[in-house]
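**Student:** Each chain, written out:
There are 2 protein chains.
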Amino acid sequence: MRILSTELPQHVGNQIMISGWVHSIRQLGHLAFVHLRDRSGIVQIVLEGELATLALTPESVITVHGQVVQSKYGAELHGTQVEVLSPAQAPLPIEVNKKEIPASLDTILNHRALALRNPKVHATFTIQSVLAGAFRDFFSARGFTQIFTPKIVASGTEGGSNLFAIQYFEKQAYLAQSPQFYKQMMVGAGYERVFEIAPVYRAEEHNTSRHLNEYTSLDVEMGFIRSFEELMDLETELLQYLFHRVAETCPEELALLGAEVPVIEQIPRLTVQQAQQILLEQYSKTSPEGDLDPEGERLICQYYADQGKPALVFLTHYPREVRPMYAMPAPDHPALTASFDLLFNGLEITTGGQRIHRLEMLEESMRSRSLNLEAFADYLNLFRYGMPPHGGFAIGLERLTARLLGHNNVREATAFPRDRNRLTP
Amino acid sequence: MRILSTELPQHVGNQIMISGWVHSIRQLGHLAFVHLRDRSGIVQIVLEGELATLALTPESVITVHGQVVQSKYGAELHGTQVEVLSPAQAPLPIEVNKKEIPASLDTILNHRALALRNPKVHATFTIQSVLAGAFRDFFSARGFTQIFTPKIVASGTEGGSNLFAIQYFEKQAYLAQSPQFYKQMMVGAGYERVFEIAPVYRAEEHNTSRHLNEYTSLDVEMGFIRSFEELMDLETELLQYLFHRVAETCPEELALLGAEVPVIEQIPRLTVQQAQQILLEQYSKTSPEGDLDPEGERLICQYYADQGKPALVFLTHYPREVRPMYAMPAPDHPALTASFDLLFNGLEITTGGQRIHRLEMLEESMRSRSLNLEAFADYLNLFRYGMPPHGGFAIGLERLTARLLGHNNVREATAFPRDRNRLTP
Numbered sequence: 001m002r003i004l005s006t007e008l009p010q011h012v013g014n015q016i017m018i019s020g021w022v023h024s025i026r027q028l029g030h031l032a033f034v035h036l037r038d039r040s041g042i043v044q045i046v047l048e049g050e051l052a053t054l055a056l057t058p059e060s061v062i063t064v065h066g067q068v069v070q071s072k073y074g075a076e077l078h079g080t081q082v083e084v085l086s087p088a089q090a091p092l093p094i095e096v097n098k099k100e101i102p103a104s105l106d107t108i109l110n111h112r113a114l115a116l117r118n119p120k121v122h123a124t125f126t127i128q129s130v131l132a133g134a135f136r137d138f139f140s141a142r143g144f145t146q147i148f149t150p151k152i153v154a155s156g157t158e159g160g161s162n163l164f165a166i167q168y169f170e171k172q173a174y175l176a177q178s179p180q181f182y183k184q185m186m187v188g189a190g191y192e193r194v195f196e197i198a199p200v201y202r203a204e205e206h207n208t209s210r211h212l213n214e215y216t217s218l219d220v221e222m223g224f225i226r227s228f229e230e231l232m233d234l235e236t237e238l239l240q241y242l243f244h245r246v247a248e249t250c251p252e253e254l255a256l257l258g259a260e261v262p263v264i265e266q267i268p269r270l271t272v273q274q275a276q277q278i279l280l281e282q283y284s285k286t287s288p289e290g291d292l293d294p295e296g297e298r299l300i301c302q303y304y305a306d307q308g309k310p311a312l313v314f315l316t317h318y319p320r321e322v323r324p325m326y327a328m329p330a331p332d333h334p335a336l337t338a339s340f341d342l343l344f345n346g347l348e349i350t351t352g353g354q355r356i357h358r359l360e361m362l363e364e365s366m367r368s369r370s371l372n373l374e375a376f377a378d379y380l381n382l383f384r385y386g387m388p389p390h391g392g393f394a395i396g397l398e399r400l401t402a403r404l405l406g407h408n409n410v411r412e413a414t415a416f417p418r419d420r421n422r423l424t425p
Numbered sequence: 001m002r003i004l005s006t007e008l009p010q011h012v013g014n015q016i017m018i019s020g021w022v023h024s025i026r027q028l029g030h031l032a033f034v035h036l037r038d039r040s041g042i043v044q045i046v047l048e049g050e051l052a053t054l055a056l057t058p059e060s061v062i063t064v065h066g067q068v069v070q071s072k073y074g075a076e077l078h079g080t081q082v083e084v085l086s087p088a089q090a091p092l093p094i095e096v097n098k099k100e101i102p103a104s105l106d107t108i109l110n111h112r113a114l115a116l117r118n119p120k121v122h123a124t125f126t127i128q129s130v131l132a133g134a135f136r137d138f139f140s141a142r143g144f145t146q147i148f149t150p151k152i153v154a155s156g157t158e159g160g161s162n163l164f165a166i167q168y169f170e171k172q173a174y175l176a177q178s179p180q181f182y183k184q185m186m187v188g189a190g191y192e193r194v195f196e197i198a199p200v201y202r203a204e205e206h207n208t209s210r211h212l213n214e215y216t217s218l219d220v221e222m223g224f225i226r227s228f229e230e231l232m233d234l235e236t237e238l239l240q241y242l243f244h245r246v247a248e249t250c251p252e253e254l255a256l257l258g259a260e261v262p263v264i265e266q267i268p269r270l271t272v273q274q275a276q277q278i279l280l281e282q283y284s285k286t287s288p289e290g291d292l293d294p295e296g297e298r299l300i301c302q303y304y305a306d307q308g309k310p311a312l313v314f315l316t317h318y319p320r321e322v323r324p325m326y327a328m329p330a331p332d333h334p335a336l337t338a339s340f341d342l343l344f345n346g347l348e349i350t351t352g353g354q355r356i357h358r359l360e361m362l363e364e365s366m367r368s369r370s371l372n373l374e375a376f377a378d379y380l381n382l383f384r385y386g387m388p389p390h391g392g393f394a395i396g397l398e399r400l401t402a403r404l405l406g407h408n409n410v411r412e413a414t415a416f417p418r419d420r421n422r423l424t425p
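Those protein sequences? They're chains F and W, same order as listed. Residues in the first sequence are numbered consecutively from 1, following the working numbering. Residues in the second sequence are numbered consecutively from 1, following the working numbering.
Since the hints were made in silico from the structure, they are not lab data. Possibly wrong hints are sitting among the right ones.
A few chain W residues that face chain F, going by a derived Cβ cut-off under 7 Å, partial list only [to be verified]: (1) 19; (2) 85; (3) 168; (4) 385; (5) 386; (6) 416.
Yeah, the Cβ is synthetic: ideal placement off N, Cα and C, and Gly gets one too.
Construct the entire structure; sequences and hints are all you get.
**Tutor:** Structure, rendered in structure tokens:
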């Protein structure tokens with residue numbers, strides 16, 4: 001039976017079998033030292049005599065039988081038999097066994113399956129898996145139902161731009177930009193509290209370090225809320241839980257990446273107006289009407305980091321014209337919305353808010369934007385037959401991962417990114 | 001603070017607040033009996049005097065304040081204040097508050113968000129959420145990493161048919177039929193054991209009770225397997241776990257649906273040839289070359305059900321020509337494959353098997369099918385740099401749910417189905 005590299009110390013003195021990739025080879029006369037990498041870690045194997053002369057290439061997949069010996073560097077394996085399950089061609093197109101792969105991000109992405117073997121690159125997606133699992137655990141424990149809604153849709157949630165078109169037999173269809181309408185439908189269908197973990201699609205021409213054309217959206221929607229403040233309370237608790245789980249589960253991956261997980265107590269909440277005021281006063285920085293630009297997002301996070309606080313801040317009360325037609329107007333501020341963004345280390349990772357749940361108000365909001373109400377018939381029907389007050393938010397999984405781990409480019413936190421130019425591998 | 005209907009018994013004698021949908025109303029002189037439905041269940045509310053004359057419509061969303069009283073039928077609420085959060089128009093387009101909605105499946109699907117409020121319809125997706133969560137728990141506990149791979153791809157896994165085309169800026173792209181290549185890449189990238197829960201797309205013209213054009217695939221792939229039997233062992237354990245979790249978590253939903261969860265010990269394994277032999281001997285049923293037709297799939301499950309066993313069976317050793325180019329030939333039977341299907345209550349819910357991991361064998365398999373090797377360059381690269389023996393399987397979440405709960409049409413286990421004709425809601 002195969003054992004894992006991390007299990008070696010429990011088998012000192014025993015004959016065991018181990019399998020994995022040849023991470024490195026050092027030949028010293030009649031001895032060869034092979035570092036073998038498996039999903040749990042890296043272990044040293046000592047080969048003597050004829051075995052030491054085997055022509056092993058880096059990244060070949062091998063199985064080694066032998067005896068576990070305690071050396072001064074830890075448990076190692078003295079090999080008695082080596083089997084090559086799959087030889088690797090040499091040379092490798094990228095040097096995955098350096099601490100950092102000496103290649104551009106573009107080259108790394110061209111050889112993605114190979115690049116992911118580099119322990120540091122590898123660590124990111126181990127952590128991403130933990131984040132997704134913790135997201136589900138958090139909401140399951142709170143009575144949320146996981147939903148699966150279609151990504152092939154008849155129309156966009158906003159009437160049109162940035163949609164990928166698809167020929168659906170005789171009909172024109174689109175790839176969903178978000179599960180917004182469907183998660184609202186599932187709230188209205190009586191599940192009340194729902195979440196979804198699924199891809200979304202944005203046909204944006206932007207080709208920046210922040211944009212992906214396909215990404216994983218962690219979506220939440222919740223009925224019977226009393227205010228949008230509740231949603232920010234919920235997301236604060238969620239992030240506390242996610243970060244705690246990552247810190248607890250992945251200490252080695254975090255160390256490898258040099259990442260420190262912030263410990264959150266409260267996340268400050270500023271209105272957009274207040275944030276703009278701080279930017280002006282502290283950094284002489286002006287902002288666009290009712291919003292922050294990327295530089296402003298960076299600076300307002302910096303503002304908290306400079307005070308030794310986690311670089312997280314909720315921005316609230318965006319004006320109606322920069323938010324979708326379904327955004328609920330803010331209490332006492334009808335020109336503003338009961339909505340928020342969450343910024344983390346300089347980048348927006350969440351958009352959320354309370355939604356309009358009254359039919360007349362929604363129709364009026366659509367008309368004010370010159371939207372064709374007939375194109376939204378299925379959505380509008382939802383509000384005819386009893387819809388509770390509700391709201392929710394969505395987190396981009398790749399952005400969250402990138403911000404947490406200090407990756408400057410969101411592609412580094414995407415296994416196989418799709419961007420303006422990249423469609424493979 | 002709002003409490004849930006199921007929490008009422010813990011609050012007898014107290015003043016509480018409850019919110020939900022008006023499930024039914026019965027007026028008797030100066031009294032009105034309202035059944036209120038929330039995400040946890042249904043509770044009776046008694047209204048007297050002026051409150052009894054409120055013009056409440058079915059499915060309106062209301063909040064009721066009042067005192068919890070123990071009656072001979074259980075805890076009920078004597079309302080003192082009723083607030084209508086969202087009135088429902090009358091009449092409803094479908095009668096969701098009957099035990100069974102008296103309408104065709106097509107009508108039900110046209111009014112899906114409303115239909116899902118019917119407790120029996122509702123129960124299916126509560127169970128589906130539990131299945132998906134249990135799937136993740138099972139694999140997380142076994143060292144599997146959850147992966148997120150792109151659904152916009154440059155080519156199909158098999159060279160072409162049944163693909164939805166999409167215009168990806170200047171390029172032609174497709175919607176992924178399966179994450180097959182990507183899950184293999186992630187095994188080869190050193191994660192070894194991976195799973196994915198994500199939509200897949202099939203542009204099939206079939207419009208049957210078994211087909212969907214978009215569905216949720218529960219995908220698994222695992223490195224360092226010694227035989228494809230291991231994969232069937234793993235899936236057997238998985239189903240034992242999933243079914244146990246559903247039975248434990250959802251007894252009320254199962255009762256409502258009249259569904260009994262099978263208790264699995266072992267799942268029988270037949271070669272396709274053996275299954276064909278049984279069909280011929282027991283049912284005088286002939287089969288197509290190297291495969292079973294839908295009638296054969298139904299009968300071979302019936303064969304076990306008639307013996308009082310769970311209607312589950314693995315079919316193995318499909319001929320190479322009915323399996324994909326990446327299917328590993330069976331040991332000692334080079335014309336057959338180390339592959340399997342799992343049939344459950346008459347329908348295939350899984351396809352799986354060992355994959356070819358040697359470059360030369362894979363290229364030879366592709367050439368024998370006249371596939372263009374250059375179109376698979378990224379995939380083939382994977383096998384140049386060390387790829388362990390591996391295999392996996394995929395389960396259709398909607399089919400699994402439908403078979404488990406006794407739905408004849410897979411659309412009944414799909415929140416918002418996409419089929420040959422249906423693109424909305």
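**Student:** Any CB of chain F closer than 7 Å to the CB of residue 416 (chain W)?
**Tutor:** With a minimum Cβ separation of about 5 Å from chain F (threshold 7 Å), the hint on residue 416 (chain W) holds.
**Student:** Let's test the interface hint: is any C-beta of chain F closer than 7 Å to that of residue 19 (chain W)?
**Tutor:** It holds, given that the least Cβ distance between residue 19 (chain W) and chain F is near 5 Å, below 7 Å.
**Student:** Can we keep the residue 85 (chain W) interface hint, with Cβ of chain F closer than 7 Å?
**Tutor:** 6 Å, holds
**Student:** Can the hint on residue 385 (chain W) be confirmed by a CB-to-CB distance to chain F that is less than 7 Å?
**Tutor:** 4 Å, holds
**Student:** Take the shortest C-beta to C-beta distance between residue 168 (chain W) and chain F; is it under 7 Å?
**Tutor:** Holds - the Cβ of residue 168 (chain W) comes within 7 Å of chain F, reaching about 6 Å at its closest.
**Student:** May I ask you to test the interface hint for residue 386 (chain W) with respect to chain F, counting a Cβ-Cβ separation under 7 Å as satisfied?
**Tutor:** 4 Å, holds
Figure legend: structure checked against the earlier numbered hints; every hint is met.
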